[in-house]
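For chain A, the structure is supplied; the task is to place chain B on it using the hints.
So the chains spell out like this:
2 protein chains.
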Amino acid sequence: MNFHLVSIFPHYFESPFASGLMGKAVENGLVAFDHVDVRHFAGGIHKSVDDRPFGGGPGMLLKLDPMAKALDSIESPGRILMLSPRGKPLTQARARELSAEEDLTLICGRYEGIDERLLDLYPIEMVSVGDFVLNGGEAGAVCLVEAVARLLPDFMGHTDSGEEESFSAGLLEYPHYTRPDDYQGLVVPEVLRGGNHGKIEEWRRECSLESTLNDRPDVLPEASLTVEDIDFLRTLSRTRLGRNLYIALCHYPVVNKFGEKVAVSVTNLDLHDMSRVARSYGLGGFYATTPIEDQKALAEQLLNHWKKGAGSIANPDRAEAFSKVKVFDDIEAAVLDIETQTGQCPRLAATSARLDRRKHAEPALTYADVRKWLEISPVLLVFGTGHGLAEEVLAKAEGILRPIRFLDDYNHLSVRSAVAIIVDRLIADEY
Amino acid sequence: MNFHLVSIFPHYFESPFASGLMGKAVENGLVAFDHVDVRHFAGGIHKSVDDRPFGGGPGMLLKLDPMAKALDSIESPGRILMLSPRGKPLTQARARELSAEEDLTLICGRYEGIDERLLDLYPIEMVSVGDFVLNGGEAGAVCLVEAVARLLPDFMGHTDSGEEESFSAGLLEYPHYTRPDDYQGLVVPEVLRGGNHGKIEEWRRECSLESTLNDRPDVLPEASLTVEDIDFLRTLSRTRLGRNLYIALCHYPVVNKFGEKVAVSVTNLDLHDMSRVARSYGLGGFYATTPIEDQKALAEQLLNHWKKGAGSIANPDRAEAFSKVKVFDDIEAAVLDIETQTGQCPRLAATSARLDRRKHAEPALTYADVRKWLEISPVLLVFGTGHGLAEEVLAKAEGILRPIRFLDDYNHLSVRSAVAIIVDRLIADEY
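Those protein sequences? They're chains A and B, same order as listed. As numbered in the UniProt record's numbering, residues 1 to 431 make up the first sequence, in order. As numbered in the UniProt record's numbering, residues 1 to 431 make up the second sequence, in order.
Chain A with its partners taken away, still in its complex shape (with noise of 0.2 Å):
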């Protein structure tokens, strides 16, 4: 396999690429490099490649002409990639997909990066290692050359290839050990030393199954599972963000399809809803909140029922879901609940299906914000009936999450699906 490297600095790949397993492949001839210095194709007395961006701002660009010539260099191309941050992530399966080429080129940009028009001479395709930024190209490509090559085969030394390894299973790997057996007290575990190989496989990848849900539960979602690896991932704890999280359902005061402050009645199935939702996703608590004293005695009464009437007896599962609704009067009394409950101020979140277009309104939270609000403190979610929360209520909030569908003007969802929308989105399965 040929890869051509187009950089500025063509001797930074020396020393990755002459060590251990990658020099043996060049040495073999499994594998071959063709650095492509771009400042050979520099004109001018001082061979300059960079030059400064129109419109200004900090850094240098590489120059569009060398960087065609160089390309235009190379005899077999095959694809031509670019190492850039803008650029779809490395995954196994691209190298994996990469590795079935004959050629391939990379491009390393430097500096600020490349003249865009480049992506229009060339079909160059955009790939990326990480969400962090590196002085160039070249570092990503070390790592997508080396993904690459040794999925070549003969480039491990064993049969089995690069494949039985982490993220080959959606996983990640169990742990490992060599002799001794027992090192200052810390011994190999038993099974690892006993023969009985079907257990070996079990404890393995139930050791997968525990480092993934720790330490990279948001690979879990795209793992292939088994009912077997389900049932053993629910006998382990995990982090239960959802214990932090509370919602609270607004009666009074929102608005009405006219923008003007009204009270909208309890709604029988509301309750149930989101009450379900409160219990399945483990939340901390649900309050509905009107003050109007026969709602509330309604609201009362409809709780009972299913807590401790003749539906607690037909179906125990709502009466469990039943037992996090609390009816109080308004979101001051939600919250000095939480605070006598857990010690903590919670942090008050609104939510709105419109974007907040008030003059120098803050960006709408984000769920990655909320979530690590989360993490550290009771959060109170504040959902408004009827056209939404009034305007002092929104007021009181830190901030307003960003509503659902917010690329779109249309996002008329009924607030029982967006409360499960919204926790999902926080809480997720892995939570």
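Quick caveat, the hints were computed from the structure, so don't treat them as lab data. Treat the hints with care, since some could be wrong.
The calculated label-pair distances, taken between Cβ atoms and stated as ranges, are [stated by the list, open to error]: (1) A:D215 with B:D215: 53 to 59 Å; (2) A:L121 with B:R39: 43 to 49 Å; (3) B:G309 with A:V227: 47 to 53 Å; (4) B:G198 with A:K261: 35 to 41 Å; (5) A:Q301 with B:R96: 54 to 60 Å; (6) A:E362 with B:A395: 50 to 56 Å; (7) A:K257 with B:K88: 42 to 48 Å; (8) B:K24 with A:E125: 28 to 34 Å; (9) A:E398 with B:G343: 25 to 31 Å; (10) B:K372 with A:P316: 47 to 53 Å; (11) B:L186 with A:Y410: 34 to 40 Å; (12) B:V227 with A:E125: 31 to 37 Å; (13) B:K88 with A:D356: 30 to 36 Å; (14) B:P291 with A:K396: 47 to 53 Å.
Owing to the predicted nature of the structure, the values given are computational and were not obtained by experimental measurement. Where a beta carbon is used, it is the ideal one built from N, C-alpha and C, also for glycine.
Below, chain B without anything else, positioned relative to chain A:
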């Protein structure tokens, strides 16, 4: 800043760290590298650093003792990091945090990895440069060192430092252009050649937003966006995976709580909530299926009230939502309808609140699996009323989607909530 690099290939780093700005930073004493060669700490005649893993499996492991001695030899190690696909991903925020340290020790694993007990002996933080497999930690260490070192004051030539770049604002970087302003007919955008800095700023922000939406929609949820940003994003066309997604609510055959096959009545609020989800997420359509004639008539009467009757005048948004709903006899009729509309037979996925414990059951479909289907084919996602879809419906589906909250045993969500959550997981805000 001192980087202590623990590796069996100390020469690996020579050329990358001698190139460009990094080479200058070393000359200026801003950065110093301390190469700790693990082989120096190996015992025996052969100075062997690797051994076979307990429990079998391909490849070799780095032995514990030389690694421990190598670490002990470092006088001021500072924080100890190990490059590993098991680690938390390196981010720009992490790089910034690390750039405040005086010393950093980076452990580069090789072969299949290290002996796990090293993690018991030292406070080691694992860090990953991406979801791909390398020959060892060295390539990742090169990335980490570059990402961290370039944030040191004085590393970059200019004062704006490395921060005004990709990922600093949570968006991809805008395009750059340099001279000549006309290259083979490709001209630099007019705005960059004018001197209006306000316009240039706005153009660059819009380019960043557009390329983030096109190339990395996955980072949009975490980006801080103003109302102006969102208004601009709304003017752009984007991949609309929702158009390929159809949902069906099946009222027969489903099971009751005793597992018996039954029909469930059509419910006004299910139709409301689900059609509002279908419209808000731009789905292809929503089918309510029941073979019972008077139930179908009831459903049509409801729909007509909102589509053409008094409801449509009071609430035109609802009329728009209900235009997505069709009432059909069964799932087969819905499949045929999609085939007629699109010319493609939809792939069929079922949903369930329970794990599939049938013998020889396939692992549940992940949301990523179904999202891949949506990229090329219409998909009909079937939801059950009552206590879930009957076996005969499940058997027709290509797979069953992994249950919501699969790590817990309580997931008694309403079907309305489940539909909202599952559609949001597949389509989110960005598609």
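Notebook entry, point to check: Does the Cβ-Cβ separation between V227 (chain B) and E125 (chain A) fall within 31 to 37 Å?
Noted result: Distance hint for V227 (chain B), E125 (chain A) holds at roughly 34 Å.
Next item on the list: Return holds or violated for the Cβ distance of E398 (chain A) and G343 (chain B) against the range 25 to 31 Å.
Entry: Roughly 50 Å apart at Cβ, these two residues miss the hinted range, so it is violated.
Next item on the list: Could you say whether the range 47 to 53 Å given as a hint is met by the Cβ separation of P291 (chain B) and K396 (chain A)?
Entry: holds (51 Å)
Notebook entry, point to check: Do K372 (chain B) and P316 (chain A) keep their Cβ atoms within the hinted range of 47 to 53 Å?
Noted result: At roughly 39 Å between Cβ atoms, P316 (chain A) and K372 (chain B) fall outside 47 to 53 Å, so the hint is violated.
Note to self: Holds or violated: the 30 to 36 Å window for the beta-carbon distance between K88 (chain B) and D356 (chain A)?
What the structure shows: Holds - the Cβ-Cβ distance for K88 (chain B) and D356 (chain A), about 33 Å, lies within 30 to 36 Å.
Note to self: Between the beta carbons of G198 (chain B) and K261 (chain A), is the distance compatible with 35 to 41 Å?
What the structure shows: holds (39 Å)
Notebook entry, point to check: Between Q301 (chain A) and R96 (chain B), does the beta-carbon spacing fit 54 to 60 Å?
Noted result: Between Q301 (chain A) and R96 (chain B), where Cβ atoms are some 55 Å apart, the hint holds.
Next item on the list: Please test the hint of 53 to 59 Å on the beta carbon pair from D215 (chain A) and D215 (chain B).
Entry: violated (28 Å)
Note to self: Given a hint of 47 to 53 Å, does the C-beta separation of G309 (chain B) and V227 (chain A) actually sit inside it?
What the structure shows: holds (48 Å)
Checklist line | Outcome of range test on Cβ distance (K257 (chain A), K88 (chain B); 42 to 48 Å) | finding: holds (47 Å)
Checklist line | Cβ separation of E362 (chain A) and A395 (chain B), checked against the hinted range 50 to 56 Å | finding: Taking Cβ atoms as reference, E362 (chain A) and A395 (chain B) lie about 52 Å apart, which means the hint holds.
Notebook entry, point to check: Taking 28 to 34 Å as the hint, is the beta-carbon distance of K24 (chain B) and E125 (chain A) inside that range?
Noted result: holds (32 Å)
The structure fails hints 1, 9, 10 (numbered hints given earlier, in ascending order).
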